[in-house]
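Using the sequences plus the hints, can you model the full thing?
The chain contents come next:
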Amino acid sequence: MGAAIREKGDSGTHRVSICVSPCIHLYYKYRKGRIYLMLIVSQLINGLQLGSIYALVALGYSMVYGIIMLLNFAHGDIIMVGGYVAMLTIAAGVNPIFAVVLAIAACMILAVVIEKVAYTPLRSSPRISLLITAIGVSFLLENLAQNIFGANAQPFPNNKIIKTSSLNIGGVQIGVTAIVTIVVSVISMVLLTFLVQKTKRGKAMRAVSEDMGAAQLMGINVNNTITFTFAVGSLLAGIGSILYCCTYPQVSPTMGSMLGLKAFVAAVLGGIGSIPGAMIGGFAIGLAEVLVRAVGLSDWTDGVVFAILIVVLLLRPTGLLGRPMTEKV
Amino acid sequence: MSMLEVKNINVYYGSIHAIKDISFSVEQGEVVALIGANGAGKSTILKTISGLLRTKTGSISFQNQSITTTIPHKIVAQGLAHVPEGRRIFAQMSVEENLEMGAYTRSNSEIAPGLERVYERFPRLKERRRQTAGTLSGDEQQMLAMGRALMSRPTLLMLDEPSMGLAPILVEEIFDIIRELHKDGTTILLVEQNAQMALSVADRGYVLETGKIVLSGGGIQLLQDDAVRKAYLGG
Chain X
1 MGAAIREKGD SGTHRVSICV SPCIHLYYKY RKGRIYLMLI VSQLINGLQL
51 GSIYALVALG YSMVYGIIML LNFAHGDIIM VGGYVAMLTI AAGVNPIFAV
101 VLAIAACMIL AVVIEKVAYT PLRSSPRISL LITAIGVSFL LENLAQNIFG
151 ANAQPFPNNK IIKTSSLNIG GVQIGVTAIV TIVVSVISMV LLTFLVQKTK
201 RGKAMRAVSE DMGAAQLMGI NVNNTITFTF AVGSLLAGIG SILYCCTYPQ
251 VSPTMGSMLG LKAFVAAVLG GIGSIPGAMI GGFAIGLAEV LVRAVGLSDW
301 TDGVVFAILI VVLLLRPTGL LGRPMTEKV
Chain D
330 MSMLEVKNIN VYYGSIHAIK DISFSVEQGE VVALIGANGA GKSTILKTIS
380 GLLRTKTGSI SFQNQSITTT IPHKIVAQGL AHVPEGRRIF AQMSVEENLE
430 MGAYTRSNSE IAPGLERVYE RFPRLKERRR QTAGTLSGDE QQMLAMGRAL
480 MSRPTLLMLD EPSMGLAPIL VEEIFDIIRE LHKDGTTILL VEQNAQMALS
530 VADRGYVLET GKIVLSGGGI QLLQDDAVRK AYLGG
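Residue numbers (the numbering used here), protein chains in the order written: chain X, 1 to 329; chain D, 330 to 564.
Source of the hints: derived by calculation from the structure; they are not laboratory data.
Errors might be hidden in some of the hints.
Unchecked claim - DSSO-like mimics (lysine-lysine), calculated; alpha carbons at most 27 Å apart, straight line:
| hint | chain 1 | residue 1 | chain 2 | residue 2 |
| --- | --- | --- | --- | --- |
| 1 | X | Lys-200 | X | Lys-116 |
| 2 | D | Lys-559 | D | Lys-512 |
| 3 | D | Lys-455 | X | Lys-200 |
| 4 | X | Lys-116 | D | Lys-403 |
| 5 | D | Lys-385 | D | Lys-541 |
| 6 | D | Lys-541 | D | Lys-336 |
| 7 | D | Lys-559 | X | Lys-198 |
| 8 | D | Lys-349 | D | Lys-336 |
| 9 | D | Lys-559 | D | Lys-541 |
| 10 | D | Lys-385 | D | Lys-455 |
| 11 | X | Lys-198 | D | Lys-349 |
| 12 | D | Lys-403 | D | Lys-349 |
| 13 | D | Lys-349 | D | Lys-385 |
| 14 | D | Lys-385 | D | Lys-403 |
| 15 | X | Lys-200 | D | Lys-403 |
Okay, structure coming up:
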């Protein structure tokens, strides 16, 4: 190629164009391919980042549903409370790590208090009463937050918790937040799986969710086990809350409702009551959302997520990994 | 004093008076059978003893301690195990996990020797220990339910319809196990619709009719009783 370019004269120019253009063409093709690949990789990472947050939140829905057949619609709003607690404590000058711990603890305490005050007294009532109560608690939390903090979104000091810089990995720019989110979520899910599969407490949770009466006859304290389930679910929601606020750095009184609804769709897609189902559903919804955005249909993301809900309910109401709905005797 | 003493209990389902002023007792080492037709209140009595249902009046004491208002999981911890009607095994969990749940009230160090004891008594459960419990056959599920209850090392074992839904040859098998348990000194309170089988293993029996005890006596004695033969043993 070098020799061809150095040739002089009219014919030379001609020779250059013949010789170089396929090379440039190939080079651009290669670059274009790489750009596409990098685009796909970075979108994939966006999808996993969003999906892992959905998965963490969906787990709380699924675990609580598995154990007391309640769709805990207040679950999303617990995330909002976690966000405000983290924001306010950091603003008050608390060490960010400590603020994160405080926020997660606040989520757990709130969930357990809600369970004790609002749900336990209704344990033997029809399931619809529980569901309506859960929706009521959700409204209560949202409106309370609006009353205290105002309806406007407020900035979240995400850079105090996770660095906002990004890393260049093989030519792909990946935000530190994305990496932290994915890693923390995966670790949480591995620990949860260990808890549920291998520990005495976790096995008791599975036993209670299968047959509360029989579990009592084993000597399992059912009330404690249910409270423990709420605590674990909201621990995951608390972690999800911090990660979500670091990804979309603002807090508002209604931030939990859409996130909660989408996580609920993820739980239904995976099969409500199933723990691996919630994880798979969360990632699937996250990836679907990013895919819809990547093809240029940003306005449609919410629509697509809820269309997935409708399709799942129509075609496979038990979700991907759900057990068939049998009435408990 | 008896191991289990039930005194004048009355139990209601809403406004339905299910158990009417029933009293009976179980002594150490005995097998006692409660027999009667469907709906006579047999299972209700067991559920009331294990705390799943509450008495309106009357009292229940176990090893000289009142358990009338004790919550179910504490009753289990006191040494009373209940194998419920329909077995109620945890179908999605493995056989071994089911057995571990049976030992929930015991310390972790007791699980391994407990498993060994149960597997010795029920070798088929050992073969299938990793299998999901829901995939077991009916008699294996009954064995699992009994093994699970034995994991808590109960002083009193209550069995609710262990023969339900099993082929006659498997019923024999289950009752052989009950005889073995009896021989080893386990105290058993047995509820059965299969009066013939139940009375043949029982030291004593009580006959229930619509929530009342209408007859009681030794197992053999009841087997030969004309009224019992007519009502429950097909003449």
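So, going through the hints one by one against the coordinates:
no., hint, verdict
1, Lys-200/X x Lys-116/X, "holds, 23 Å"
2, Lys-559/D x Lys-512/D, "violated, 30 Å"
3, Lys-455/D x Lys-200/X, "holds, 21 Å"
4, Lys-116/X x Lys-403/D, "holds, 21 Å"
5, Lys-385/D x Lys-541/D, "holds, 15 Å"
6, Lys-541/D x Lys-336/D, "holds, 13 Å"
7, Lys-559/D x Lys-198/X, "violated, 53 Å"
8, Lys-349/D x Lys-336/D, "holds, 11 Å"
9, Lys-559/D x Lys-541/D, "holds, 18 Å"
10, Lys-385/D x Lys-455/D, "violated, 43 Å"
11, Lys-198/X x Lys-349/D, "violated, 45 Å"
12, Lys-403/D x Lys-349/D, "holds, 26 Å"
13, Lys-349/D x Lys-385/D, "holds, 10 Å"
14, Lys-385/D x Lys-403/D, "holds, 20 Å"
15, Lys-200/X x Lys-403/D, "holds, 17 Å"
Violated hints, listed in ascending order, are 2, 7, 10 and 11; each of the other numbered hints is respected by the structure.
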